[in-house]
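Engineer: Now for the letters of each chain:
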Amino acid sequence: MNLDSKIPEGPLSEKWSSHKFNMKLVNPSNRRKYNIIVVGSGLAGGAAAASLAEQGYNVSCFCYQDSPRRAHSIAAQGGINASKNYQNDGDSVHRLFYDTVKGGDYRAREANVYRLSEVSSDIIDQCVANGVPFAREYGGLLANRSFGGAQVSRTFYARGQTGQQLLLGAYSALSKQIGLGKVKMFNRHEMLDLVKVDGHAKGIIVRNMATGEVSRHASDAVVLATGGYGNVFFLSTNAQGCNVTAAYRAHKRGAGMANPCYTQIHPTCIPVHGDKQSKLTLMSESLRNDGRIWTPKDAEVAAMIRKGETDPNSVAEDDRDYFLERKYPSFGNLAPRDISSRAAKEACDEGRGVASTGLGVFLDFRDAIKRDGQNTIKERYGNLFDMYQCITGDNPYETPMMIFPAVHYTMGGLWVDYNLESTIPGMFVGGEANFSDHGANRLGASALMQGLSDGYFVLPYTVGNYLGKQGVAAAGKVTTEHPAFAEAEANVKARIDKFLSIGGTESPRSFHKRLGHIIWEQCGMARSKEGLEGAIKDLQALRKEFWTNLRVVGDADGINPELERAGRVADFIEFGELMCRDALMREESCGGHFRVEHQTEDGEALRDDENFAFAGVWEYKGDDVDPQLHKESLIYENVELATRSYK
Amino acid sequence: MEKTMDLTLKVWRQKSANSMGAFETYGVKDVSEGSSFLEMLDTLSEDLVEKGKEPVAFDHDCREGICGSCSMTINGIPHGPEKATTACQLHMRHFHDGQTITIEPWRAKPFPVIKDLVVDRSPFDRIIQSGGFITSRAGSAVDANAIPISKVTADYAMDAAACIGCGACVAACPNASAMLFTGAKVSHMNSLPQGKAEKDRRTLAMVTAMDGEGFGGCTNIGECEAACPKSISLDMIAHLNRDYATAQVKNFFNPVT
Chain A
56 MNLDSKIPEG PLSEKWSSHK FNMKLVNPSN RRKYNIIVVG SGLAGGAAAA SLAEQGYNVS
116 CFCYQDSPRR AHSIAAQGGI NASKNYQNDG DSVHRLFYDT VKGGDYRARE ANVYRLSEVS
176 SDIIDQCVAN GVPFAREYGG LLANRSFGGA QVSRTFYARG QTGQQLLLGA YSALSKQIGL
236 GKVKMFNRHE MLDLVKVDGH AKGIIVRNMA TGEVSRHASD AVVLATGGYG NVFFLSTNAQ
296 GCNVTAAYRA HKRGAGMANP CYTQIHPTCI PVHGDKQSKL TLMSESLRND GRIWTPKDAE
356 VAAMIRKGET DPNSVAEDDR DYFLERKYPS FGNLAPRDIS SRAAKEACDE GRGVASTGLG
416 VFLDFRDAIK RDGQNTIKER YGNLFDMYQC ITGDNPYETP MMIFPAVHYT MGGLWVDYNL
476 ESTIPGMFVG GEANFSDHGA NRLGASALMQ GLSDGYFVLP YTVGNYLGKQ GVAAAGKVTT
536 EHPAFAEAEA NVKARIDKFL SIGGTESPRS FHKRLGHIIW EQCGMARSKE GLEGAIKDLQ
596 ALRKEFWTNL RVVGDADGIN PELERAGRVA DFIEFGELMC RDALMREESC GGHFRVEHQT
656 EDGEALRDDE NFAFAGVWEY KGDDVDPQLH KESLIYENVE LATRSYK
Chain B
462 MEKTMDLTLK VWRQKSANSM GAFETYGVKD VSEGSSFLEM LDTLSEDLVE KGKEPVAFDH
522 DCREGICGSC SMTINGIPHG PEKATTACQL HMRHFHDGQT ITIEPWRAKP FPVIKDLVVD
582 RSPFDRIIQS GGFITSRAGS AVDANAIPIS KVTADYAMDA AACIGCGACV AACPNASAML
642 FTGAKVSHMN SLPQGKAEKD RRTLAMVTAM DGEGFGGCTN IGECEAACPK SISLDMIAHL
702 NRDYATAQVK NFFNPVT
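Read top to bottom, the protein sequences are chains A and B. Under the working numbering, the letters of the first sequence match residues 56 to 702, in that order. Under the working numbering, the letters of the second sequence match residues 462 to 718, in that order.
Okay, chain A solo, but in the shape it has when bound:
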């Protein structure tokens, strides 16, 4: 597997501009001869499809939802970072770059992160031009707030629904191109395989989820922007439909999968309430600007709160442990997500957790309301408070919120080079689906930035560069008549038939729950060699059971949620095993990956830069063959590797 990162020569700050100049261009009148497939219509996919179509390419865009406007980018709440320095508080391209590399615990590629930081300002300009109603000050200029892992205010926001507004911006640009006929949109279509011709990605096989029809689509390049794999945990903050299938199918076709063990557990989610729960709800990290996180110092007091015998408001100041402020005085409640999550877990492990399950800590606005008044807090977080009350029945203006960490984002994903091209030529990967920019931990408000950076400002250049190199003579030459399409389509159909014919007794959802339990226990917030080895065996057994005892009711001729879930769970089980292998291989703790064997005396993550400053990239070798590990060394020329401290 060739892991040439193709980082351009030259100083960091000139790499992207010189690369843009060196890339091949396609003559505007030739662009209409090329077809590009974009899978996914979130920030990365929607923006890429719209931008490529604006340039003149023919684009086909696919999404599993009933409309491209519903991609899960829509659920992002808090904001989007950009190094505008509108607040005059010392921000710069270099500082955003540095914060992101440090926040990712020095496991991201420098050149990619710098480019992300460089184009961040253009993203805000673009979104405003598209009509995104960002929050503004009375003077009419844009407002900012601060977010975890940074000491400057660089986050732009639209109330508590920034993701929605950014996605609707990209969706409107995409809609315009659909209206013009430059983008052909396929709603309710799920990608089930990638088609390669002569080693290059040349198309996909999809299933129309409304009619059941399986069809072939050929193109000159394929862009996957299919999101993350958080639902491998069953319970996560992801949407119900989020899945790893497109990425995993591509992996099986030869795309390297990088750092799958890097998953982000977000500290501020609403605690689990029962065994019928289908998803976890995130409360924006922005709440940590004003909310103070605490548990009682005394486990007995916590036990009384759990039983409802003590009102949290009656716990005296001296009896509260504001553990983030205590442990990380300079960042306090705004410590990065991985660190905050682990601190909450530790407090609960000590028996000091609240909520009925003991798996919760308080996020208290009492002091902020006293300081700024209820109206100000309402202005900042009103919709989040309403949402909390709607779900839990508690009024957070009066009683402290309860939160607990939950799976939220996955930093790992398909390996890509500087051009966002995977190890399969012609297949590009954007947004959460790739591994490139966040290292081992993502900072808040950086996912939206990366999705739009990839979609608006990177892929439109690099995909064109690839097409230019293929030459105009090759444009549109591969058709769905090629035998590779027939082979892939036959595989997809056989797999669907197999799901329907097993005739066992256990539902896809039940298998999904069992999978999630294994992954959460052994590959969640704390991982150990023993646990991971056990998990791999358990997952192999679960896979066997799945393929012999699955029951899928209904047929393949129309909407069948059971069939859809069966396909996704089948891939998640295999993918989960890969995650555990990756976590087992990485004998260090970094960012969201915490190995209990590798910690400092006071329980902080202990990195091993000497042996593990690389991206671990896995090559698929066969269903019952161990995957092969390849390494891309991470070379830091501009940032000095240091122990990450937020104290």
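There may be inaccurate statements among the hints.
With a Cα cut of at most 20 Å, we get these calculated SDA-like pairs of lysine to any residue [as the list claims (entries may be wrong)]:
1) B:K464 / A:G363
2) A:K592 / A:L639
3) A:K70 / A:H149
4) B:K514 / B:Q475
5) B:K612 / A:A198
6) B:K514 / A:E619
7) B:K544 / A:N438
8) A:K352 / A:D376
9) B:K514 / A:L555
10) B:K544 / A:C445
11) B:K514 / B:M481
12) A:K139 / B:A607
13) A:K239 / B:A607
14) B:K512 / A:S556
15) B:K570 / B:D672
16) B:K657 / B:S583
17) A:K139 / B:G600
18) A:K237 / B:A607
By construction, these hints were calculated from the structure, which means they are not laboratory data.
Model the placement of chain B on the given structure of chain A, informed by the hints.
Structural biologist: Only chain B this time, still in chain A's reference frame:
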């Protein structure tokens, strides 16, 4: 311990777009009051699968009230009885033990049923495709602070842009009108300085597209606002009517192209 309840569900079952539908009655037991309405339906689905029957098909995705996928009429009200709440954010504590709950798909001619509770809402996408955008090619924008926008205007645009495109407004309206949906997008974009250049064009095109999809006219009943999970105000319809009238007049004297 959380309280639980037993419920009777009358659910609309329809095999496909062209087949006849009918209500089926099911019982669900031990529903916890902390679970969401859709989690209650998940329980029903698992019960049905257990018996080898097909579960109820319904659209859903984010389950946090923002994607706009969920679309069911609960006891006659789109998204159910709680104000400003999507079905996925409706929690069972608002129901009681022994209650019978009727669940239907959106009922509107432009939104045909595909299966059970799933309808085709692509007409909304086509309304947006006709003009619900501000033309601004990637890379062509000026600095974000170059055009100050008063907080009042930005807040108003945000109120309008909060629409999640679920279609409850259409389902609630006796005329199956899409004026609230269209009005919200027109108000959002027409109120911003960036959106002024295409204002008349946008308004005329979107209204034409809306009418072409077969949505009814607005007769100021207000069911849409009452059913809207994001509390989009009827003011958006007034805004649309005003901008539409202006655009029509301008178009009469000097055709808008």
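Engineer: All the hints need checking, so say for each whether the structure fits it.
Structural biologist: Results of checking the hints against the structure:
no., hint, in the structure
1, B:K464 / A:G363, "15 Å, holds"
2, A:K592 / A:L639, "13 Å, holds"
3, A:K70 / A:H149, "14 Å, holds"
4, B:K514 / B:Q475, "14 Å, holds"
5, B:K612 / A:A198, "10 Å, holds"
6, B:K514 / A:E619, "16 Å, holds"
7, B:K544 / A:N438, "14 Å, holds"
8, A:K352 / A:D376, "5 Å, holds"
9, B:K514 / A:L555, "13 Å, holds"
10, B:K544 / A:C445, "11 Å, holds"
11, B:K514 / B:M481, "18 Å, holds"
12, A:K139 / B:A607, "13 Å, holds"
13, A:K239 / B:A607, "35 Å, violated"
14, B:K512 / A:S556, "17 Å, holds"
15, B:K570 / B:D672, "13 Å, holds"
16, B:K657 / B:S583, "27 Å, violated"
17, A:K139 / B:G600, "16 Å, holds"
18, A:K237 / B:A607, "31 Å, violated"
The earlier numbered hints that this structure contradicts are 13, 16, 18.
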